[in-house]
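**Student:** Protein chains in written order, with the numbering used here: chain A, 524 to 777; chain B, 524 to 777.
The hints are simulated quantities; they were obtained by calculation from the structure and are not laboratory data.
For identical chains, the list gives no copy identity; a pair is met inside one copy or between any two copies.
Pairs of lysine to any residue residues, derived as SDA-like cross-links and limited to a Cα-Cα distance of at most 20 Å, are as follows:
#	residue 1	residue 2
1	Lys704	Ser608
2	Lys704	Asp609
3	Lys704	Leu613
Number of protein chains: 2
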Amino acid sequence: MRNIALVLTYEGSAYHGWQLQKKEVTIAQMMERAAQMVVGHSVHMTGCGRTDAGVHAKRYVANFKTTSAIPAERLPYALNTHLPSDIAVLSAMDVPESFNAIGSCVRKEYTYLIYNARIRDPFYVNRAWFYPSILDEKIMQRAASAFVGTHDFAAVRSVGTEVRSTVRTVYDFSVEREEQKIYLRVSANGFLYNMARAMVGTVVYAAEGKLTPDQIPLILDAGVRTAAGPTAPAGGLYMTHLWYDDGEVCFDVG
Amino acid sequence: MRNIALVLTYEGSAYHGWQLQKKEVTIAQMMERAAQMVVGHSVHMTGCGRTDAGVHAKRYVANFKTTSAIPAERLPYALNTHLPSDIAVLSAMDVPESFNAIGSCVRKEYTYLIYNARIRDPFYVNRAWFYPSILDEKIMQRAASAFVGTHDFAAVRSVGTEVRSTVRTVYDFSVEREEQKIYLRVSANGFLYNMARAMVGTVVYAAEGKLTPDQIPLILDAGVRTAAGPTAPAGGLYMTHLWYDDGEVCFDVG
Numbered sequence: 524m525r526n527i528a529l530v531l532t533y534e535g536s537a538y539h540g541w542q543l544q545k546k547e548v549t550i551a552q553m554m555e556r557a558a559q560m561v562v563g564h565s566v567h568m569t570g571c572g573r574t575d576a577g578v579h580a581k582r583y584v585a586n587f588k589t590t591s592a593i594p595a596e597r598l599p600y601a602l603n604t605h606l607p608s609d610i611a612v613l614s615a616m617d618v619p620e621s622f623n624a625i626g627s628c629v630r631k632e633y634t635y636l637i638y639n640a641r642i643r644d645p646f647y648v649n650r651a652w653f654y655p656s657i658l659d660e661k662i663m664q665r666a667a668s669a670f671v672g673t674h675d676f677a678a679v680r681s682v683g684t685e686v687r688s689t690v691r692t693v694y695d696f697s698v699e700r701e702e703q704k705i706y707l708r709v710s711a712n713g714f715l716y717n718m719a720r721a722m723v724g725t726v727v728y729a730a731e732g733k734l735t736p737d738q739i740p741l742i743l744d745a746g747v748r749t750a751a752g753p754t755a756p757a758g759g760l761y762m763t764h765l766w767y768d769d770g771e772v773c774f775d776v777g
Numbered sequence: 524m525r526n527i528a529l530v531l532t533y534e535g536s537a538y539h540g541w542q543l544q545k546k547e548v549t550i551a552q553m554m555e556r557a558a559q560m561v562v563g564h565s566v567h568m569t570g571c572g573r574t575d576a577g578v579h580a581k582r583y584v585a586n587f588k589t590t591s592a593i594p595a596e597r598l599p600y601a602l603n604t605h606l607p608s609d610i611a612v613l614s615a616m617d618v619p620e621s622f623n624a625i626g627s628c629v630r631k632e633y634t635y636l637i638y639n640a641r642i643r644d645p646f647y648v649n650r651a652w653f654y655p656s657i658l659d660e661k662i663m664q665r666a667a668s669a670f671v672g673t674h675d676f677a678a679v680r681s682v683g684t685e686v687r688s689t690v691r692t693v694y695d696f697s698v699e700r701e702e703q704k705i706y707l708r709v710s711a712n713g714f715l716y717n718m719a720r721a722m723v724g725t726v727v728y729a730a731e732g733k734l735t736p737d738q739i740p741l742i743l744d745a746g747v748r749t750a751a752g753p754t755a756p757a758g759g760l761y762m763t764h765l766w767y768d769d770g771e772v773c774f775d776v777g
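Same shape as in the complex, but just chain A:
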């Protein structure tokens, strides 16, 4: 049995996230359907993480097992023929049996885009958080930096998924402005449900003066969700970089 890793990208506006759901259309469903058409047997696709409805991916990794002999380098073209145009497979490779898109992932980066101008840009509808009051990116950076390190992130997650621990390590959290666009890039060894969007909401709260960067460690210590900022809208969130290392394979895509 071959184990194939795929790198894909998707514009998530039309989907209810990655994970298979009974009633809603998801990326996993589109991917499994396309893979079945290509390899000729039923396929289970493992993704590198749940993404919420409306969240995008510049880079996303999935893997599936197959008996097909189709060369890995031909798979992207074969799969793309059977995928809707808002999903594209960028590359494919054979990986060891043990590789798992979520289990072998050691680090993920999300990028959040805020469109910060007094008048909206129609080309960023569903692709950025339109925020008309002007935000100071220096205060945002101070707030973002307060999340870096190993902490209990219970204060910035939504309840919904069972997890063994709410402790995670944020490696990096940068805030950069390019004219009207503010890019918030955050990487961690893992993200709790809604954690990226709740951290973005908290950073924006700091820029609005509703809390100070100094309060963030206290908010994390207290672990109370309502003490942090709101969950930022899904459309501004992009999965952008993934790092893999499971002893057998080591690579990153971003």
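Guided by the hints, dock chain B onto chain A, whose structure is given.
**Tutor:** Below, chain B alone, put in the same frame as chain A:
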């Protein structure tokens, strides 16, 4: 009666172009409805040109007459409240009675975007022409340059609108690649129906070796539409720059 000029931008995927139509939703219809809600009387909105279904505008100019006393600088915010999020008014100004968004326009620029890579990018669906075979932008530039000047452009227009003359002056037609994106920028004193998209299709035909840049003057001379290349898809076309000069007002937006 005041005469107000508006600069707007729109993502045209959801619309059947600018011009009012009986059954289809158009930009003009959205604009007139929004303006009526703001000024409290019925409004006729004059646009700087028909754009086709699915065509976008980074910049577009319209004007309308009103008895309202609302200051011009407040109009964008007031109008945007009543517009869908894929249309935005960027600015407004009082202009002389004689100003007309189409009649006073002396030059227009369209930019056409080709996404030229073997694998599509989901973020350019409906916003670029995905063209998987690799195009040589140097040949494209030679073909584009052949359109510059004053010519009869009957060979690169679709029949449908009555016009007095099919002679136009193309001032500039540049082709620039930025990685997978090829930008074709063309400005003229006016464009015939589908002229920009037919010129783009012809430039791509030249890059594909289906005609040579040298043949373009002959194709224009013959005036036969079928001798030129096909009409490029609407989603790649953006109105990007407009120049006005009617003796009383002189400005450009882009």
